[in-house]
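Q: Here's the letter readout for the chains.
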Amino acid sequence: MSDLDRREFLKVAATLGLSVTALAVFEQACSIADSTANNVSGTNMMIGSSDPPVVESAGETYPTIQTSSITYSSVENKEDDTRGVESSSNALDLTGDIIEDPIIRMKHLARRAGFGANDKELTELLQMGEEAATEWFLNYELIDDSDIEDRLSKLGLGSNMSFEKINANYKPALQQEALLRMIYSKRPLQEKMVLFWHGIITSAFGKVPQNRRYMADQDQLFREYALSNYDDFLKQIARDPAMLIYLDNRLNKKGKPNENFARELMELFSMGVGTFTELDVREASRAFTGWGIKNHEFQFFSNQHDSGTKIFIDQEGEHDGDDIIDIIMQQPVTSRFITKRLFEFFVYDDPSDEIIGKLSATFERTKYSVKDVMSEIFQLDEFYSQRAYRSKIKSPAELIAGAFKVLEIDTDANRVMQRYGSPMGQNLFQPFDVSGFPEGPEWINSSTLINRLNFANAFATGSKSLHLNTFHPSDIVPDNIRNSTEDVVGHLVSLLLDDVIDDEERKIYVNYFDGLKETTRVVGNKQWNGSNKQWNLEQERLRSLIYLVMSSPDYQLA
Amino acid sequence: MRLTRRNFLKSSVAVLPAFATLPAVFRRAVASSIVESPTNTSPYPDRTLIIVQMAGGNDGLNTVIPFTDGKYYDHRSYLAVQENEVLDLNGEVGLHPVLEKMKLLWDEGDLAIVQGVGYPNQSYSHFESMHIWQTSDNEGKLKEGWLGRYFDSLKETQDNIFQGLATGQGQLPPEYSAENYSAPVLRTVSEYQLKGDPIYVGSNQSRAEAVMKLYAASPLQTPYGILLDNTIEAAYKSSQQIKEAADQYVSAIEYPDTSFAKSLKVIAQAITAGLGVKVGHVRIGGFDTHSDQLVEQPDLLKTMSEAIYAFLQDIKAANKEDDVLVMTWSEFGRRVGSNGSGGTDHGAAAPMFLMGKPVAGGIYGEKPDLVRLDKDNLRFTTDFRSVYSTVLSQWLGADPEAIIGSERFDTIPLLLKSK
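Protein chains in written order, with the numbering used here: chain A, 1 to 558; chain B, 1 to 419.
Just chain B, with the same shape it has in the complex (with noise of 0.2 angstroms):
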């Protein structure tokens, strides 16, 4: 059995007195005296680790490009990049030309590439292989995310209700799946508002603290109790912060208006108004181009660089470069040949980006090899969780082989020394 705060307040809650202030404040407090908590501290409490997660399987050879490799133009012949167009990075491989703005960030030293990132045994399954990427496990085993198990991890995590922010989504990331505790999600910050009642003015103090009651007096009785009164007190108290940061919030800094930049742009109003955001997640959909890929990904790409780049000019313009890393991810890569339909059908290795002023600009792992193929995919190079290793180790300050599992994975050099 393990002895956990939240847990414990299920039970003690009613030998409490009457809760003077919101509930959920006061329930904290009490707690945090008598019960044991991790005791790991996060070594860099002002870093954030920006999670792009580009659903759907992005086709990696169409984004960075072996344009100088033949057999890139035999496999893919009318979906292929010409070369021409391709944004050079080495003489070696290239960025999709809609990549412009990444391209900037390469050129600042801002970007690094990790090519050909995947598993042993991929799974073609794109609900089976993002779970493989949301919990670090292959085996399927784990049910907490990689990101869960590190917020569960902490000491502060009880007391921090913002160390992971997720927006313009309305599901909880996976990744973020944890034992103790409950990442706000948000889609937009006014649809992240609870409405008080509008004619009964008077009751709206008291009707909050009812419901904060009900929930902390229900729990036991059903399976998703604990869920209900994390959620609850997660929801109350984000509301209210992530609304004044956003009131707070000035920029000079411009993002596209698409819905994916207004995300990144709710996370840099956390981050400038210092919640504490430890770990950040947005998600652009999309990628699973069985067709019309030509139109499909590069509409995706451009949306997504654009954004990242405005999130990362925001954030510098509030002198905070040094501590946001941004990353990106997708469940798979797309097959090496087209299906014959303008599209590309499930594949394997894909890169993967991290950006930002923290990044060892450059490309690291092995390019995939194009002529040795595995039933017409990519063979990978490098294991996904080397590179989640590496942002744990370096970024976060945090033990991967605690949060990852038992086996070890190399880290790879791709960030600057810390200062």
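Okay, chain A solo, but in the shape it has when bound (with noise of 0.2 angstroms):
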């Protein structure tokens, strides 16, 4: 079963390259081009085409579970077995929109829902089934993840971390902190909505003072709210000491407005951009007047609140900033722009208004619940769907953690992501500005590009500056396949690609490992600058196509 799914699911579009009736090829691939060339989107994966029978898939490593529990959303597809060999230019024209591979369903879920999944991992969740790993992303509180605590506490991390680092490199030592989490952490969900909210409801280092627990805490309460219910997390986040000197509205009182708060409130944490009138972000300023910050906590300043009459949305009374959330919470807007900005990170973008829709009912009806809006997404069919595979440019706390992760790397992470992680646009508890992160093309320039290839080198020579404890060639290849060049091609591919890939991209990979077998004579620098370990062709050999499989664009992509 499972074999022959990933046969179909491998029939992918290499027919592309090789076919000679390129010409309806390139038609598709300009309409394509055209429709993608910039704000990619709406551009399906050819994915699960069923096209001319492809090479067999070498290098199979992982366990056939059999997994009773998922349900095939789309068995109608198999009709597309008929289709022909000869329909080549409908390479694009897309079939199966389902993937139905499970281990790639699983590997794409724990790479959404998470930061990826290593061997042992997806056995574990494919043991499970589908439904019930879903489930397990979900309700991460019935998770005891006491392990991560303690591996940050042994480096003076977490909420042990002492004032003297605090003052000397808190930024470093918490992107350090945050970035074990990732990787170690056994509630892979929470931390990836800690960094999806981060990137929305964003704070920054640069204004708020460095010297106190202010950025640590809003991260806490990120992951405390995680799945909280909205309107309860946005009254936190109004009475959050980082937030309330980032966006200024500690020094919003009555008669002297600030209205920097209660402008991104709108446009950048609920209702969007257009959606409100000067006049209402001026009211609602008026609202959060008063809203402080003593001891460094939160204080309101009755002396200094504009406790009068205000209208905002066409709602007339004595508002405070909670009435003013309960308002903008009222806004189907804000329903819409929420469940959007999840489905955007989590599946593609730009999705269809019906599927904005159906999750806003869901939202409104749960009042405000983003675990209900998320467990909604994991079981849509467009999550699991061609189009949202590989749709989504890795970030790069993404690329890093996943590394780690799916290659089973022991590390104390520290300066990982401040070296690596910046240069490739990605400066935690720092973003570019008060919109956050990116979440789409944005993550690629020729800069950030140069560096996501200089951190696969990095990973792959085993560089010190990563403090990968364990990184060993050989445990990532087993010895008994590592007589065939396709058989360590396909682990690779499999482990780190989904074994997705094109006929023509693993024919690159093969001669490439091929070829450096002939190289040896012109190899160079044979000693290693400090280090004891022995040169070795073989070893080399697989560091060198790991660093080709992490430069890969495939592995730009989640």
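It is possible that some hints are incorrect.
[To be verified] Label pairs and their in silico Cβ distance ranges:
1. A:Ser228 with B:Gly340: 31 to 37 angstroms
2. B:Leu104 with A:Arg223: 50 to 56 angstroms
3. A:Glu354 with B:Asp299: 48 to 54 angstroms
4. A:Pro332 with B:Glu401: 37 to 43 angstroms
5. B:Leu416 with A:Asp314: 53 to 59 angstroms
6. B:Asp107 with A:Leu279: 43 to 49 angstroms
7. B:Asp299 with A:Glu364: 44 to 50 angstroms
[To be verified] Covered stretches of chain A (chain B as the covering partner; in silico rule of three or more C-beta atoms under 8 angstroms from a C-beta of chain B):
8. 451 to 464
9. 539 to 553
Simulated from the structure, these hints should not be mistaken for laboratory data.
From the three backbone atoms N, C-alpha and C, an ideal C-beta is built for every residue, glycine too.
With the hints as a guide, bring the two chains together.
A: Structure (structure tokens):
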């Protein structure tokens, strides 16, 4: 079953490159290119389309577990099997819209709901079955996650962080802590949500004092309210000292309002641009006057609060900040804005109105439960659609955390985000501006791509700067398959790319790996600085292949 | 359907023979003989436009100060710059006292100021307003940047990776967003270098080639394939060239020790090395002064003007001063009155600066009215697209109507007649 599905799945548009009927393909390609040139969306993947037979999937390494709980939502796609080889011009004319292979589905889920899964985790998830695995991601409060706290504690991080450390290098320490949580937490969805909220409801060290726990406390707030009801969450955000500083609300006083927080609350955190008036901004600002900080904690200063009547989105009253949030939550635009942000982060860009309508209805029916919306998202066919698969650019945090996690590397992650995340465009706790982190093509430009490749290089060559305590290529590629290039390539491609690549790409990997044999005599520099590791061509070839897979365009996608 | 060389490459690459040299170069050579390209060529191939983005919304009223207007002092009270401190330009307006270097440019006739620049139905959102400036479309429909559309219109774009260069920043400036071109973006030259395998040195050449082949082979499978492939080519080529430019660069001009100045220096290096930079882009952020404005804004203005001055000196030393024009912009100005917490909230119209030998120094556009406000905000007097039209037509030699869109905007005579 699983093998068959995999093969089915592998019938990628390898034909594209090889086909002599390139013209037809070209036309398809151009129409795709036109629609995707900039803000890429609406493009379907070609995986799963039924085309000419493809070489045997090499290097099958996954346990083939029968996952009886998985329901196949599009069994009728089987009829596509009858489509002929000659129809290569239809390579882009998508047929099976839903990914069927349970392993690929699970790896997709693990990547989106978390930071990927290593072999052991994947086996466990597959044993659970998709439904239970989804519940496992969502109901993380049932999972004992004390290991990560122990790990952090031993490094002087987490709640144990000393004031000396906070004073000396708080941002790198907090980045280190965040990365360790992404890699090792047993509650991957919670950490994914924290990253999501940090990218939207953002604050930054640039403006928030470094010698206090403000940013760490905000990070904890995201963790605590990761899947909560959104109105409760926003009311906590409005009281969060880091936010009160970052968007100036602590300076917002009766008679001299400061609009910064009120505007971004509506524009970035709830309703979206263009859905409110300048009058709304001014009235909402009045409602939040007197919300400030005392002794590093939230304090309501009643003498600085404007308790007069305000008219906010046509509702008149002596509103305070909580009233404003309640009114904001009543607006249908808010439901649509938040559910769209969630869907686009976890599934794909530019979803249809129907999907957002459906999610918004759930959001409203459940009194703004983010958890219920997430649960629904993970059960949507769209989540497992070809359009969703590899439709997101991995953020630098996902790329870095995923590498450590999937290859099961032990690290203390010291300064890894600082050294590698920032040049890729993600400086955690210091986003570019108040709009937080981007989610799409903005992650890719010549500079960030160079630094993605340099990360792969540091990783594969075991750079000390990455603190790879346990990285040995021989642990990653088992002995018994090393005599076969196809198997070695198949293994790495399965591990890192779900075994979803086309023939042309597979050939490039195979030829590269084989070619390295022949370069034995021209290999220079046999001594590795300060290391007692022996020069070992086999190890170096494996390292080099790992680099190539991690540098590939496919690996940049989530 | 639009046939572009890029798109063609994606589908045809596999029928090409194995790559003999750096694949990118090879593919370009093959492709250029097959596919139609835009036919426009730049009439002024040596000219460069430098865009300076003042991100966050610069307070124009405290930058070009109407110090003879009592209303300014009424509105601004404690935030106002005192008359005796202002660097007088024409007896009516003057520069903030930290802008000494800009005053030097003014005295040389190398500074043009356009007053009251904005657009109809001002957006007070940073992101929406930036988007409007970046796409030159105030209806928010266009996705490519105005300079991206300029690059797309040029024949030579696909052959010259450095047409657009952005430095000191990790993100592609949205102005550069183009259909067929991925401009190099870099924070520093050293960070912008592809690292080789330090152990298995003998693998590096074939490794680089294999990477290029993977990017060329995979694109159509994924929505971002074309972006990734365009970008890897830009990365490989430009990282080598920019390094060479930096290594060869010799200059007696000392730049201020700020990251903003360093990013301008990289552009100067690229220009003097003859890499063919048509547009350079640098960004200085932090102008969103809702609080602490009296400290923060002068710091930023000083950093900006000192760096630009050093840059122009450097350009002059390289005998390129007739070919380089600098233009600033910010998404909006700020509220006329202060907000009571030492700052100003989001506002509307603000001045733009154009600097360098090519400008006809002076003040252009009408001074915004401090009496007839639009809900506490200035009313704009010059549409920013007039300034864009001016630099597009008179500096870059492009057709502004084709690039900005259907509407036609008057140009402003702020450049010297070209030689």
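Q: Looking at the structure, which of the earlier hints fail to hold?
A: Every hint satisfied by this model.
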